[in-house]
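Model the full structure from these sequences, guided by the hints.
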Amino acid sequence: MPIKIVTINILDDLSRWQARRDLLANGLAALNPDLVAVQEVRLPQNPARWLAEQIGLPYISLTPKMGFESSKEAIAILSRFPFVSEGMLDLKGQQRVAQYVQVEVSNQPWIIANGHFYWQPGESPTRLRQVELFLDWLKSFPENFYHVACGDFNSTPVEAPIQRMREHFVSTYAQVHGREPDYTCPTALPRSYRSQLRTILGFFVLIRPKKFNLNWHGTLDYIFTDPQIKVLDCQVILNHPRPDNPKIYPSDHFGLCATLETSV
Numbered sequence: 005m006p007i008k009i010v011t012i013n014i015l016d017d018l019s020r021w022q023a024r025r026d027l028l029a030n031g032l033a034a035l036n037p038d039l040v041a042v043q044e045v046r047l048p049q050n051p052a053r054w055l056a057e058q059i060g061l062p063y064i065s066l067t068p069k070m071g072f073e074s075s076k077e078a079i080a081i082l083s084r085f086p087f088v089s090e091g092m093l094d095l096k097g098q099q100r101v102a103q104y105v106q107v108e109v110s111n112q113p114w115i116i117a118n119g120h121f122y123w124q125p126g127e128s129p130t131r132l133r134q135v136e137l138f139l140d141w142l143k144s145f146p147e148n149f150y151h152v153a154c155g156d157f158n159s160t161p162v163e164a165p166i167q168r169m170r171e172h173f174v175s176t177y178a179q180v181h182g183r184e185p186d187y188t189c190p191t192a193l194p195r196s197y198r199s200q201l202r203t204i205l206g207f208f209v210l211i212r213p214k215k216f217n218l219n220w221h222g223t224l225d226y227i228f229t230d231p232q233i234k235v236l237d238c239q240v241i242l243n244h245p246r247p248d249n250p251k252i253y254p255s256d257h258f259g260l261c262a263t264l265e266t267s268v
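Residue numbering for the sequence shown follows this note's numbering, starting at 5 and increasing by one per position.
Honestly, the hints are just simulated from the structure, not real lab data. One thing to keep in mind: the hints can contain errors.
What the hints assert, rightly or not - With beta-carbon atoms standing in for the labels, derived distance ranges:
no.: 1; residue 1: VAL88; residue 2: ASN249; range: 17 to 25 Å
no.: 2; residue 1: TRP220; residue 2: ARG168; range: 19 to 27 Å
no.: 3; residue 1: MET5; residue 2: GLN58; range: 20 to 28 Å
no.: 4; residue 1: PRO247; residue 2: SER110; range: 36 to 44 Å
To be verified - Restricting the straight-line Cα-Cα distance to at most 30 Å, the calculated cross-link-like pairs of lysine-lysine (DSBU-like) are:
no.: 5; residue 1: LYS76; residue 2: LYS96
no.: 6; residue 1: LYS8; residue 2: LYS234
no.: 7; residue 1: LYS234; residue 2: LYS76
no.: 8; residue 1: LYS76; residue 2: LYS251
no.: 9; residue 1: LYS251; residue 2: LYS143
no.: 10; residue 1: LYS143; residue 2: LYS234
no.: 11; residue 1: LYS96; residue 2: LYS143
Cβ atoms here follow ideal geometry from the backbone N, Cα and C, with glycine treated the same way.
In structure tokens, the structure reads:
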């Protein structure tokens, strides 16, 4: 039985939410996904719950960030299938976390993991350590389970964290197209001045002012699978603006949608 999995960073800046939320929900509903991994879920508003209701996915696993960010932001997995188990991983940096759910698809156990990793322009030792933690965590699940790892890795394809992921998993988009997308972030969606200022300050706090580039575009979002899972398709999604406003996109990231199948 094929299953369809989406990953999308929905942007915790809700200043344009009313203008873009139907574009996001309608785009996802048209895809009819079985599972959706969501990053940057603003709290306490929790737009992931609204989104799940709109697209008809009844099961939600919400994992807040650590520490002082726990009341402000979370990641989530929305699912058509009930959860057999679920859990979280402290990624130990910027209060970031990963999460997993176990679901049964045609009596086969699947682990779906979702993460939002350390933001720092260019290569980052902290982000690489987070990916190593993530990989060790995934190794702790039974080998006979099917594994999918997705999310916003905040790493471009040439950087070390993605190279490490590829040592153990298959990038679904690259498997279908022979390369990663040209970019998944950013879109033309305007962000609030507060959100823009936070990003600009981040470049200087993280001592990467030379990396600051208003015209930067890159691929940060991925869906990885076990090599034994057959990738039927993978496409960039949610990459079109509203017809009446070319600057209003569903988010500041494009999403990915992968259709997967096991050989059993």
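Any hints this thing doesn't respect? Which numbers, in order? Of the numbered hints given earlier, those the structure breaks are 1, 7 and 9, listed in rising order.
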